[in-house]
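Asker: The primary structure of each chain is shown beneath.
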Amino acid sequence: MAYTPPPEFGTPEFLVRLQRQDRDAIQKVVHEFLPQILRAARGAGLQEHEADDVTQQVFLTFIETLPRFEGRSQVRTWLFGILYHKLREARRGFQKQDKHDDIDETLETRFDDRGMWQNPPRKADNDLWDQQIRKHLEECLETVPERHRLAFVLREVEGLETKEICNALDVSGTNLGVILYRARNRLRECLESRGFEER
Amino acid sequence: MMKVPGMFSCREVHEHASMGTYDELGMMARIRFAMHLMMCVHCARYVRQLKALGDYARRMLGGQPDPERCERIETVVMASCDGHKH
Ligand SMILES: [Zn+2]
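So the protein lines, in turn, are chains A and B.
Here the first sequence stands for residues 45 to 243, where the numbers follow my numbering.
Here the second sequence stands for residues 15 to 100, where the numbers follow my numbering.
In case anyone wonders, no lab produced these hints; they're calculated from the structure.
Treat the hints with caution; some may be incorrect.
Pairs of lysine to aspartate or glutamate, EDC-like flavour, derived with a Cα cap of 20 Å [as the list claims (entries may be wrong)]:
#1 A:K207 <-> A:E114
#2 B:K65 <-> B:E29
#3 A:K72 <-> A:E114
#4 A:K167 <-> A:E108
#5 A:K72 <-> B:E88
#6 B:K65 <-> A:D68
#7 A:K179 <-> A:E190
#8 B:K65 <-> A:E233
#9 A:K179 <-> A:E114
#10 A:K72 <-> A:E94
#11 B:K65 <-> A:D96
#12 A:K72 <-> B:D80
#13 A:K207 <-> B:E38
#14 A:K72 <-> B:E29
#15 A:K72 <-> A:E57
#16 B:K65 <-> B:D37
#17 A:K179 <-> B:D96
#18 B:K65 <-> A:E114
#19 A:K72 <-> B:E82
#20 A:K167 <-> B:D69
#21 A:K72 <-> B:D96
#22 A:K179 <-> A:E233
#23 B:K65 <-> A:E182
#24 B:K65 <-> A:E202
#25 A:K207 <-> B:D37
With the hints as constraints, model all of the structure from the sequences given.
Answerer: Below you can see the structure in the form of structure tokens.
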């Protein structure tokens, strides 16, 4: 399911056209990536109208900053980076708050001091997962800090590679690992606490 | 499962799986990882659940947005692009 952008987007000629704010090149990029940006904005927790608004702003900023785009990252990564900055401006939840997270304490209780499970994951009830997962996952996503949520969505839904997400969110690989670790475990713990367990 | 020297502990498996650092493991470490999963029902379940979590998130959030909505935003963006330059 890995996404491949149109090959033209990676060529030096296309880069030059973008830097000159060539209308046709811009339109191609807007058309290709607008649905992805919109989807990621929604996935990161914005309401529909907010997501529309932020998506529009992302592309306006994209067009404005094109003369500075050096093509060192892919166009898509650059766009997700702008999205991240817009979300940070708009939402306090996007401030970096990586120092402490109470999911870490929850996870501490899962393992003994030799690193073995002392409180292992419970077996999921497959039928329940299928029927009710949507509602529960939606509610559990609400409990994930927005920045972590965006990282999770970029990885799992948009399929971005580690390097791309690090670029877009301006974090190190180690930091991203911690963010994804917390997001995934928070979601899994939340679902488990809602009874996704053995009958 | 017993801790065996040279093997991954459950905690390490859990960390590699949820941080995404599994992708960076070398071949030998991947084999040790796979061996752990074969022997440890808890970690195997944990890894399965994380994978299911990703699948469900993709199914729930990964659909194509409404094309008309996209077109509307695209029109606004391109209009301001034209206004901006002339
Ligand atoms: Zn284990």
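Asker: It remains to establish, for every hint, whether it holds in the given structure.
Answerer: Checked hints:
1. Taking the CA atoms of K207 of chain A and E114 of chain A, the gap is about 17 Å. The hint holds against a cut of 20 Å.
2. At most 20 Å may separate the alpha-carbon atoms for a hinted pair to count; K65 of chain B and E29 of chain B meet this at roughly 14 Å.
3. About 18 Å separates the Cα atoms of K72 of chain A and E114 of chain A, which keeps this hinted pair within 20 Å; it holds.
4. Between K167 of chain A and E108 of chain A the alpha-carbon distance is near 51 Å, which puts this suggested pair outside the 20 Å criterion.
5. With a C-alpha separation of about 10 Å, the suggested pairing of K72 of chain A with E88 of chain B holds against the 20 Å cut-off.
6. Using a Cα cut-off of 20 Å, the hinted pair K65 of chain B and D68 of chain A is violated, with the two alpha carbons roughly 40 Å apart.
7. Between K179 of chain A and E190 of chain A the alpha-carbon distance is near 18 Å, which keeps this suggested pair within the 20 Å criterion.
8. The suggested pairing of K65 of chain B with E233 of chain A holds, with an alpha-carbon distance near 14 Å, which does not exceed 20 Å.
9. At most 20 Å may separate the alpha-carbon atoms for a hinted pair to count; K179 of chain A and E114 of chain A exceed this at roughly 42 Å.
10. Of the pairs offered as hints, the one joining K72 of chain A and E94 of chain A is violated, with about 24 Å between alpha carbons and a cut-off of 20 Å exceeded.
11. Restraint check for K65 of chain B and D96 of chain A: the C-alpha separation of about 30 Å exceeds 20 Å, so the hint is violated.
12. Restraint check for K72 of chain A and D80 of chain B: satisfied, since their Cα atoms lie roughly 18 Å apart, inside the 20 Å limit.
13. Taking the CA atoms of K207 of chain A and E38 of chain B, the gap is about 12 Å. The hint holds against a cut of 20 Å.
14. For the given pair, K72 of chain A sits about 40 Å from E29 of chain B by alpha-carbon distance, which is inconsistent with the 20 Å threshold.
15. Taken as a hint, the K72 of chain A and E57 of chain A pair is honoured in the structure, with Cα atoms around 14 Å apart against an allowance of 20 Å.
16. This hinted pair checks out: K65 of chain B and D37 of chain B have alpha carbons roughly 14 Å apart, not beyond 20 Å.
17. Taking the CA atoms of K179 of chain A and D96 of chain B, the gap is near 42 Å; set against the 20 Å cutoff, the hint is violated.
18. A hinted pair counts as satisfied when its Cα atoms are at most 20 Å apart, and K65 of chain B with E114 of chain A does not qualify at roughly 36 Å.
19. Straight-line distance between C-alpha atoms of K72 of chain A and E82 of chain B comes to about 17 Å, which keeps the hinted pair within the 20 Å bound.
20. For the hint pairing K167 of chain A with D69 of chain B, the CA-to-CA distance comes to about 17 Å; that is within 20 Å, so the pair holds.
21. At most 20 Å may separate the alpha-carbon atoms for a hinted pair to count; K72 of chain A and D96 of chain B meet this at roughly 15 Å.
22. The suggested pairing of K179 of chain A with E233 of chain A holds, with an alpha-carbon distance near 15 Å, which does not exceed 20 Å.
23. Our distance criterion of 20 Å between C-alpha atoms is met by K65 of chain B and E182 of chain A, whose separation comes to about 17 Å.
24. Simply put, K65 of chain B and E202 of chain A have alpha-carbon atoms about 15 Å apart, close enough for the 20 Å limit, and the pair holds.
25. Only pairs whose Cα atoms come within 20 Å are accepted, and K207 of chain A paired with D37 of chain B is accepted, the gap being roughly 12 Å.
Hint compliance for this structure: hints 4, 6, 9, 10, 11, 14, 17 and 18 are broken, all remaining hints hold.
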